[in-house]
Amino acid sequence: MAMAIHSAKLASEAILDYYKNNENSREAMEMEYQKKWKEQFSSRLRMGRLLQRVLLSPGLSSFAQKIISTFPVLLPKIIAKTHGKPIV
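The opening position of the sequence shown corresponds to residue 689 in my numbering, with each subsequent residue numbered one higher.
Careful: at least some of the hints might be erroneous.
[To be verified] Pairs of lysine to any residue residues, derived as SDA-like cross-links and limited to a Cα-Cα distance of at most 20 Å, are as follows:
id : residue 1 : residue 2
1  : Lys723    : His694
2  : Lys697    : Val776
3  : Lys769    : Ser749
4  : Lys773    : Phe729
5  : Lys723    : Ala699
6  : Lys723    : Gln740
7  : Lys773    : Ser757
8  : Lys723    : Ile766
9  : Lys773    : Glu727
10 : Lys773    : Trp725
11 : Lys723    : Ile775
12 : Lys773    : Ser731
13 : Lys697    : Thr770
14 : Lys773    : Arg714
15 : Lys769    : Gln740
16 : Lys726    : Ala702
17 : Lys773    : Lys708
18 : Lys724    : Pro764
19 : Lys726    : Leu738
20 : Lys697    : Gln722
21 : Lys726    : Ser749
22 : Lys726    : Glu711
23 : Lys708    : Tyr721
24 : Lys724    : Asn709
25 : Lys724    : Ala690
26 : Lys723    : Glu711
[As the list claims (entries may be wrong)] Okay, the calculated beta carbon distance ranges per label pair:
id : residue 1 : residue 2 : range
27 : Met735    : Ile703    : 49 to 57 Å
28 : Arg714    : Leu763    : 38 to 46 Å
29 : Met691    : Met719    : 18 to 26 Å
30 : Lys708    : Gln740    : 39 to 47 Å
31 : Lys765    : Lys697    : 34 to 42 Å
32 : Leu763    : Ala690    : 17 to 25 Å
It is worth saying that the hints were derived from the structure and are not from the lab.
C-beta atoms are modelled at their ideal positions from N, C-alpha and C, and glycine is treated no differently.
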């Protein structure tokens with residue numbers, strides 16, 4: 689849900705910029721939006737896919753749980769990789 693809201697914010701900013709500065713084409717506006725979207729979300733999605741593979745594999749899941757239990761400081765770092773920064 690947060691990614692959808694953030695995506696909408698990026699899209700609305702790109703659209704407003706397009707109408708304010710009629711210098712760019714629609715294609716340029718769309719490319720700029722795609723660039724910003726990838727900057728915001730590609731690493732989060734990549735980490736999510738990796739975590740999904742780990743957690744769906746019984747062996748890897750058990751191993752990951754043991755590592756997290758041994759080094760609990762890792763859990764907030766993993767969570768941070770799947771969450772974005774607050775929307776400003």
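Here's how the hints hold up against the structure:
Straight-line distance between C-alpha atoms of Lys723 and His694 comes to about 14 Å, which keeps the hinted pair within the 20 Å bound. Pair hint Lys697 plus Val776 holds up; C-alpha atoms about 10 Å apart against a cutoff of 20 Å. For the proposed pair Lys769 and Ser749, the alpha carbon gap of about 18 Å is at most 20 Å, so the pair holds. Distance check on the hinted pair: Lys773 and Phe729 sit about 11 Å apart at the alpha-carbon level, within 20 Å; holds.
Between the alpha carbons of Lys723 and Ala699 the distance comes to roughly 11 Å, so the proposed pair stays at or under 20 Å and holds. Note on Lys723 and Gln740: the hinted pairing is violated, with a Cα-Cα distance of about 25 Å set against a maximum of 20 Å. Pair hint Lys773 plus Ser757 does not hold up; C-alpha atoms about 26 Å apart against a cutoff of 20 Å. A hinted pair counts as satisfied when its Cα atoms are at most 20 Å apart, and Lys723 with Ile766 does not qualify at roughly 24 Å.
Taken as a hint, the Lys773 and Glu727 pair is honoured in the structure, with Cα atoms around 12 Å apart against an allowance of 20 Å. The straight-line distance between the Cα atoms of Lys773 and Trp725 is roughly 13 Å, inside the 20 Å bound, and the hint therefore holds. Taken as a hint, the Lys723 and Ile775 pair is honoured in the structure, with Cα atoms around 17 Å apart against an allowance of 20 Å. Among the hinted pairs, Lys773 with Ser731 is consistent with the structure: their alpha-carbon atoms are about 13 Å apart, no more than 20 Å.
At most 20 Å may separate the alpha-carbon atoms for a hinted pair to count; Lys697 and Thr770 meet this at roughly 19 Å. Simply put, Lys773 and Arg714 have alpha-carbon atoms about 28 Å apart, too far for the 20 Å limit, and the pair is violated. For the suggested pair Lys769 and Gln740, the alpha carbons sit about 13 Å apart, so the restraint of at most 20 Å is met. Restraint check: the Cα-Cα separation between Lys726 and Ala702 comes to about 14 Å, which is no more than 20 Å; the hinted pair holds.
Taking the CA atoms of Lys773 and Lys708, the gap is near 27 Å; set against the 20 Å cutoff, the hint is violated. Restraint check: the Cα-Cα separation between Lys724 and Pro764 comes to about 25 Å, which exceeds 20 Å; the hinted pair is violated. Proximity of Lys726 to Leu738 is assessed by CA-CA distance (about 17 Å); at most 20 Å being required, the pair is judged to hold. A threshold of 20 Å between alpha carbons decides the hint, and for Lys697 with Gln722 the separation of about 13 Å falls inside it, so the pair holds.
For a cut-off of 20 Å, the pair hint linking Lys726 to Ser749 is broken: about 28 Å separates their Cα positions. A hinted pair counts as satisfied when its Cα atoms are at most 20 Å apart, and Lys726 with Glu711 does not qualify at roughly 23 Å. In summary, the hint linking Lys708 to Tyr721 is supported, as the alpha carbons are separated by about 16 Å, within the 20 Å threshold. A C-alpha spacing of about 18 Å is found between Lys724 and Asn709, which places the hinted pair at or below 20 Å, so the restraint holds.
Proposed proximity of Lys724 and Ala690 is supported: the alpha carbons are some 16 Å apart, at most 20 Å. Note on Lys723 and Glu711: the hinted pairing holds, with a Cα-Cα distance of about 18 Å set against a maximum of 20 Å. A hinted range of 49 to 57 Å is violated for the C-beta pair Met735 and Ile703, which are about 29 Å apart. Under the hint 38 to 46 Å, the C-beta atoms of Arg714 and Leu763, about 44 Å apart, fit the expected range.
Between Met691 and Met719 the beta carbon distance is about 20 Å. The supplied range of 18 to 26 Å therefore holds. At roughly 40 Å, the beta carbons of Lys708 and Gln740 sit within the given window of 39 to 47 Å. Look at Lys765 against Lys697: about 26 Å separates their beta carbons, and that is not inside 34 to 42 Å. Hint check: Leu763 to Ala690, Cβ distance near 19 Å, so the stated range 17 to 25 Å holds.
In this structure, the earlier hints numbered 6, 7, 8, 14, 17, 18, 21, 22, 27, 31 are contradicted, and the remaining ones agree with it.
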